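Please build the complete structure, drawing on both the sequences and the hints.
2 protein chains.
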Amino acid sequence: MREALRLAQKAFAAGEVPIGAVVVLDGKIIGRGYNLRTRLQRATQHAEVRAIDRACAKLKSWRLEGAEIYVTLEPCPMCMGAILNSRIERVYFGAYEQKGRSLTMELAGANLLNHKTEVTGGILEEECSRILTDFFSQMRARERAKKE
Amino acid sequence: MREALRLAQKAFAAGEVPIGAVVVLDGKIIGRGYNLRTRLQRATQHAEVRAIDRACAKLKSWRLEGAEIYVTLEPCPMCMGAILNSRIERVYFGAYEQKGRSLTMELAGANLLNHKTEVTGGILEEECSRILTDFFSQMRARERAKKE
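Chains C and Y, in that order, give the protein sequences. Just so you know, we're using numbering that gives the first Met the number 0 here: the first sequence kicks off at 0 and counts up by one. Just so you know, we're using numbering that gives the first Met the number 0 here: the second sequence kicks off at 0 and counts up by one.
Worth flagging that the hints you see were computed from the coordinates, not collected in a lab. Since the structure is predicted, the reported quantities are computational estimates derived from the model, not experimental observations. A virtual CB, placed ideally from N, CA and C, is assigned to each residue, including glycine. Watch out, some of these pointers could steer you wrong.
[What the hints assert, rightly or not] In silico DSS-like links for lysine-lysine, alpha-carbon gap of 30 Å or less: (1) C/LYS59 <-> Y/LYS57; (2) C/LYS59 <-> Y/LYS145; (3) C/LYS98 <-> C/LYS146; (4) C/LYS98 <-> Y/LYS115; (5) C/LYS57 <-> C/LYS9; (6) Y/LYS9 <-> Y/LYS27; (7) Y/LYS57 <-> C/LYS57; (8) Y/LYS59 <-> C/LYS145; (9) C/LYS27 <-> C/LYS57; (10) Y/LYS145 <-> Y/LYS9; (11) Y/LYS146 <-> C/LYS59; (12) C/LYS146 <-> C/LYS115; (13) C/LYS57 <-> Y/LYS9; (14) Y/LYS59 <-> C/LYS146; (15) Y/LYS59 <-> C/LYS98; (16) C/LYS9 <-> Y/LYS57; (17) Y/LYS57 <-> Y/LYS27; (18) C/LYS27 <-> C/LYS9; (19) Y/LYS9 <-> C/LYS59; (20) Y/LYS59 <-> C/LYS9; (21) Y/LYS115 <-> C/LYS115; (22) Y/LYS59 <-> Y/LYS115; (23) C/LYS57 <-> Y/LYS59; (24) C/LYS98 <-> C/LYS145.
[Claimed, not checked] Some chain Y residues judged to face chain C by a derived CB distance under 10 Å, without partners named: (25) ASP52; (26) ALA56; (27) LEU58; (28) TRP61; (29) ILE82; (30) SER85; (31) ARG89; (32) LEU111.
Shown next, in the form of structure tokens:
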């Protein structure tokens, strides 16, 4: 999760909502990603999708059986769906999604694809939350400065 | 939907589960995609994600407000999440997902992101289903031939 936080910092520096993710297999990182939605202007370019794409490229396989993903924020439905589609077995996330229901647990528990993924939240929660809070405070301060 | 079916045929010819998708804005196609998961060995490369990525590239924007997506099969959670994330407003799909619950309607109705997407299923359902049935019959026949 420390590495996912480091990647979130890179997103922060790029002016993106700071979220980072790493895919791990047998104790080794096989894919890294951070949110680049604004820079790339692509709605799909969340940290998890990018990390999964890298991991698939590394293994030359769309199946990431036995892999784990560490992500600084609770995955959105697209990313949770990508996690299930890639057969990742465990999800560890940091901060809990605050804006309404994320449906993470419903998706994980729905036993789609005859595949189960375990989800654990709250890992390094304080640090993972703080980087998001800091980012949005900075954004609001900039908005205020623009209006003055 | 005719164009989405034509794209599904391309997936079929490539040996992929035959699913096609098009994103439409103001009556014009702005993104096309078909399933290439096996050829690219990337779990995220479903028809809808590919069509959305193309549409974002075309508009140079991650927001596809006012757009519609036509897809030959009911979207999986990853694709439905990508549709919501890109702010697409209407989904028209052909065949209904047969393998268990797809959670499509739950995701569309959850009002995530303060954004609503209308979903209509069963468009050219028979043709959209038939191409899938034909594909899986062919796959099974090949498996049997291998074993003999």
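Outcome of the hint check:
{"no.": "1", "hint": "C/LYS59 <-> Y/LYS57", "verdict": "holds, 28 Å"}
{"no.": "2", "hint": "C/LYS59 <-> Y/LYS145", "verdict": "holds, 25 Å"}
{"no.": "3", "hint": "C/LYS98 <-> C/LYS146", "verdict": "holds, 26 Å"}
{"no.": "4", "hint": "C/LYS98 <-> Y/LYS115", "verdict": "holds, 15 Å"}
{"no.": "5", "hint": "C/LYS57 <-> C/LYS9", "verdict": "holds, 22 Å"}
{"no.": "6", "hint": "Y/LYS9 <-> Y/LYS27", "verdict": "holds, 21 Å"}
{"no.": "7", "hint": "Y/LYS57 <-> C/LYS57", "verdict": "holds, 28 Å"}
{"no.": "8", "hint": "Y/LYS59 <-> C/LYS145", "verdict": "holds, 25 Å"}
{"no.": "9", "hint": "C/LYS27 <-> C/LYS57", "verdict": "holds, 12 Å"}
{"no.": "10", "hint": "Y/LYS145 <-> Y/LYS9", "verdict": "holds, 25 Å"}
{"no.": "11", "hint": "Y/LYS146 <-> C/LYS59", "verdict": "holds, 27 Å"}
{"no.": "12", "hint": "C/LYS146 <-> C/LYS115", "verdict": "violated, 49 Å"}
{"no.": "13", "hint": "C/LYS57 <-> Y/LYS9", "verdict": "holds, 27 Å"}
{"no.": "14", "hint": "Y/LYS59 <-> C/LYS146", "verdict": "holds, 27 Å"}
{"no.": "15", "hint": "Y/LYS59 <-> C/LYS98", "verdict": "holds, 27 Å"}
{"no.": "16", "hint": "C/LYS9 <-> Y/LYS57", "verdict": "holds, 27 Å"}
{"no.": "17", "hint": "Y/LYS57 <-> Y/LYS27", "verdict": "holds, 12 Å"}
{"no.": "18", "hint": "C/LYS27 <-> C/LYS9", "verdict": "holds, 21 Å"}
{"no.": "19", "hint": "Y/LYS9 <-> C/LYS59", "verdict": "holds, 23 Å"}
{"no.": "20", "hint": "Y/LYS59 <-> C/LYS9", "verdict": "holds, 23 Å"}
{"no.": "21", "hint": "Y/LYS115 <-> C/LYS115", "verdict": "holds, 29 Å"}
{"no.": "22", "hint": "Y/LYS59 <-> Y/LYS115", "verdict": "holds, 22 Å"}
{"no.": "23", "hint": "C/LYS57 <-> Y/LYS59", "verdict": "holds, 28 Å"}
{"no.": "24", "hint": "C/LYS98 <-> C/LYS145", "verdict": "holds, 26 Å"}
{"no.": "25", "hint": "ASP52", "verdict": "holds, 6 Å"}
{"no.": "26", "hint": "ALA56", "verdict": "holds, 7 Å"}
{"no.": "27", "hint": "LEU58", "verdict": "holds, 8 Å"}
{"no.": "28", "hint": "TRP61", "verdict": "holds, 4 Å"}
{"no.": "29", "hint": "ILE82", "verdict": "holds, 8 Å"}
{"no.": "30", "hint": "SER85", "verdict": "holds, 4 Å"}
{"no.": "31", "hint": "ARG89", "verdict": "violated, 16 Å"}
{"no.": "32", "hint": "LEU111", "verdict": "holds, 6 Å"}
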